[in-house]
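When you get a sec, could you build the whole thing from the sequences and use the hints?
Chain order of the listed sequences is A and B.
Take the first sequence: its position 16, counting from 1, is numbered 15 in numbering that gives the first Met the number 0, and each next residue is one higher.
Take the second sequence: its position 280, counting from 1, is numbered 279 in numbering that gives the first Met the number 0, and each next residue is one higher.
These aren't lab readings, by the way, just hints derived from the structure by calculation.
Possibly wrong hints are sitting among the right ones.
FRET-style restraints, in silico, Cβ to Cβ [what the hints assert, rightly or not]:
{"hint": "1", "chain 1": "B", "residue 1": "271", "chain 2": "A", "residue 2": "191", "range": "46 to 52 angstroms"}
{"hint": "2", "chain 1": "B", "residue 1": "143", "chain 2": "A", "residue 2": "191", "range": "26 to 32 angstroms"}
{"hint": "3", "chain 1": "A", "residue 1": "390", "chain 2": "B", "residue 2": "242", "range": "34 to 40 angstroms"}
{"hint": "4", "chain 1": "A", "residue 1": "351", "chain 2": "B", "residue 2": "112", "range": "33 to 39 angstroms"}
{"hint": "5", "chain 1": "A", "residue 1": "144", "chain 2": "B", "residue 2": "103", "range": "51 to 57 angstroms"}
{"hint": "6", "chain 1": "B", "residue 1": "271", "chain 2": "A", "residue 2": "270", "range": "56 to 62 angstroms"}
{"hint": "7", "chain 1": "B", "residue 1": "166", "chain 2": "A", "residue 2": "191", "range": "36 to 42 angstroms"}
{"hint": "8", "chain 1": "A", "residue 1": "223", "chain 2": "B", "residue 2": "149", "range": "36 to 42 angstroms"}
{"hint": "9", "chain 1": "A", "residue 1": "387", "chain 2": "B", "residue 2": "242", "range": "44 to 50 angstroms"}
{"hint": "10", "chain 1": "B", "residue 1": "115", "chain 2": "A", "residue 2": "389", "range": "18 to 24 angstroms"}
Since we're looking at a predicted model, the values are computed, not measured.
Quick reminder that beta carbons are idealized off the backbone N, C-alpha and C, glycines included.
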Amino acid sequence: MTLQHRITQITRDPNLSPKQKSNFLALEAEASLPYMALSDAVTEAKESGIICDMFEGNAPFKPRYVLPDYAKFLQNGSEYLELSPVQDLDEALNALTIIYHHVPSVTNIPVYLGQLDDILLPFCQGLDPETIYRKLKLFWIMLDRTLPDAFMHVNIGPTDNIVCRTILRVDAELKQIAPNLTFMYDPQITPDELLQIAASNICECSKPHIANYPLHANSFDEKGFGIVSCYNSLPLAGGANTLVRINLKEVALKASSVDDFFNQVLPHYCQLTYELIEARAKFLHEESNFFNSFLVKEGLIEESRFAPMFGIYGMAEAVNILLGTPSNHYGHNAAANELGHKISKALDAIVKSTPVKYGYHGLALLHSQGGMNVDKDVTPGVRIPYGTEPNPIVHIQALAEHHQYYTSGISDILTIDETVKANPLAMMQLCKGALSLGFREFSANVASNDLIRVTGYMIKLSDIASFKQAGSRTNTTWLGAEAAVNTKILERQPRVIAHEQSPTHAK
Amino acid sequence: MVRVATVNQIIPFSCVDGPGSRLVIFLQGCNFNCKNCHNPHTIDMCDSCGDCVATCPVGALSLSLSEVTEAVITKPRVLWDSDKCTQCDTCLSTCPKQSSPKTRQYSVPQMLELIRSQVHFINGITVSGGEATLQLPFIIELFQAIKASPDLKHLSCMIDSNGYLSESGWEQVMPYLDGAMIDLKSWQQHTHHYITGRDNHRVFISLKLLAAEGKLYEIRLLYIPRVSDFDNEINAVAGYLSQLPASVRVKLNAFQHHGVTGEARQWGTCSEQQMQQLAAQLSQRGVRNLVLPNVYL
Ligand code: SF4
Ligand code: SF4
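Here you go:
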């Protein structure tokens, strides 16, 4: 298809809003530029689907994920945005509303909205609970309607406070796909009663995710971290400059034996992945002028806190291929699970010992990548393939060991029978069990909820049903609709699928 | 002698067998013969006749050699290799007794070890069946051991039963029991007999005893339209239920065909509407704490 033809198609698509069309047109324009210079080996690995740049574009002029220090912003105001320091809750919500429109990401919509309870709490002194509730509810509705993208992510917890509780109340009431929500849990700090509210919310609307706060906090420095988009943990006041992922299934297919996989093939493709990472980061940091933005000048982000994410997916297929036939053992068989853990450990060793020019303390961060709508016959991250998941406890026990290695995030989604709805205590206990075994983040889909999770982002089944006729106001719905076709999400319940934004217009 | 139980299945995470999340142990064997049994292969004990061995397509079944020890000759036993098994259920359809070779023997220490491996995920354990109380000595020893272990004693111990256990049986387990879920399959003796093959006199005695001890967690009514008689006897049923302690959950289950064989296949299933109607009739007559199914499949 010629460029002109694709542009024609986009401009006339009956199901896209003008804004959505503009986004796709911009991507086509960027894709018409020549790619950064790469060695033949990298180009070949890229073209054959072994490594993938996540369609971030040929000239990366913005980082993939940006996590501004919003506390600092509220405290100092912004010269660039002509805002003075914030005095009360109304001003805080107004200032945030403004800055969100200036925080870029791969989706053009901010993926991180801040640790909202921490940053808003100082402005809630003296306000009665109903006032806080009304203001936050309006804010929540505004977010969903003006920034329609479920990769947009709010963090709350681990402390028990009025903003945290109000957000949980509003979120369960509104059941919106946006914003996405992570609740940080720390057994030392978070009361059981609060965790129980969060767990009951999951039964209601499959949100929030529950993050293992101590585990994440120990992975980053005292400046902190945030959870953004779908389960990406990244340094606060920094972010991810790029995410390049490696398809372990394809790597395993190249290996002649398990030893060959570990000694030759895997290191080789990891090295090519690094080459692509370096090329992309170099363009962003050295040529795009992104780091001259007000976000840097006003100290809301620091260039040194950006790291590339080294993503992997297709672990299940890789293990099954390396084991030979019968080959559906991943997640069910001790030897298969151990081989998986060994691969994660090997990847961790590579990532921790390979310096990059633009990294967090000079390194990339390992990430178990949640898949994209173009992935067929390959399972996201280290997950157990759809439809073959064992019971939730066996599931958790099979995968817990992986979690220690994936500093910048790992997404398992447990599919829970809807009987749990009448028994939220069970949900909480399952969550506690998972976190105590070393899960970084606990996420569950409850069968039969209209609002369901697709990787980290949410879609409404009812939206998918009407999408074919009417399109959708929400950017992520079409991903879900496409996923429904490609991964048969609707055929088997309870079911989970996984995607990150693929900014390609379906051809 | 080490006490062992014959276990049909263990579900490590269930949300419907008592409060919170529970590890549920389904014991093999039942003393009722319900026409509507959803899992008829749990009723009879396998007698190791060996008929199923040859029909297993993956060789997961075998017969052990007979053992000759001090003049005692033991009969060969059917052995099941769960790693090889693909859960095709061919063996279940072969078995002339409608039993299952896919059971395992657990001693109390083995069961405790299993529970310990799941302890972070659960609020308690439930023994179910089949009819769990047929293996009461095992249950008592298991519950006793749980209550005596500092790392397990926070777990609640519950029994899911058809209520046929004798009074003295309940009294033996009572000190270690946190609660029971009892099925009431129908109101009239003859209906109960028609469905289960036994009368329900002892069931009412069990309910009374457990309620008096504050250990009746839930009473379960399976509504089979035109077969179970709860609707015809609505005044009596409601009168009985509303006299139970207010804390007792009254769980209504809707009859469905899943797993059912034989003549009960011809019975009509219970629709959501029929269920709602029964629930409305009960609550109009003062029955509180009703729990309805959330799926009708
Ligand atoms: S269910 Fe298992 S043991 Fe039974 S016949 Fe099938 S494979 Fe063999
Ligand atoms: S399961 Fe049935 S067929 Fe198989 S050995 Fe036992 S009694 Fe015989």
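Consistency of the hints with the structure:
Take residue 271 of chain B and residue 191 of chain A: their Cβ atoms lie about 35 angstroms apart, and the range 46 to 52 angstroms is violated. Range check, residue 143 of chain B to residue 191 of chain A: about 28 angstroms between beta-carbon atoms, so the 26 to 32 angstroms window is met. In this structure the supplied range 34 to 40 angstroms holds for residue 390 of chain A paired with residue 242 of chain B, their Cβ-Cβ distance being about 39 angstroms. Here the CB-CB span from residue 351 of chain A to residue 112 of chain B is close to 36 angstroms, well matched to the stated 33 to 39 angstroms.
Range check, residue 144 of chain A to residue 103 of chain B: about 56 angstroms between beta-carbon atoms, so the 51 to 57 angstroms window is met. Checking the proposed 56 to 62 angstroms range against residue 271 of chain B and residue 270 of chain A shows it holds: the Cβ atoms sit about 59 angstroms from each other. The supplied range of 36 to 42 angstroms is met by residue 166 of chain B and residue 191 of chain A, whose beta-carbon atoms lie about 39 angstroms from each other. At roughly 38 angstroms, the beta carbons of residue 223 of chain A and residue 149 of chain B sit within the given window of 36 to 42 angstroms.
A C-beta distance of roughly 49 angstroms is found between residue 387 of chain A and residue 242 of chain B, which places it inside the suggested range of 44 to 50 angstroms. Range check, residue 115 of chain B to residue 389 of chain A: about 19 angstroms between beta-carbon atoms, so the 18 to 24 angstroms window is met.
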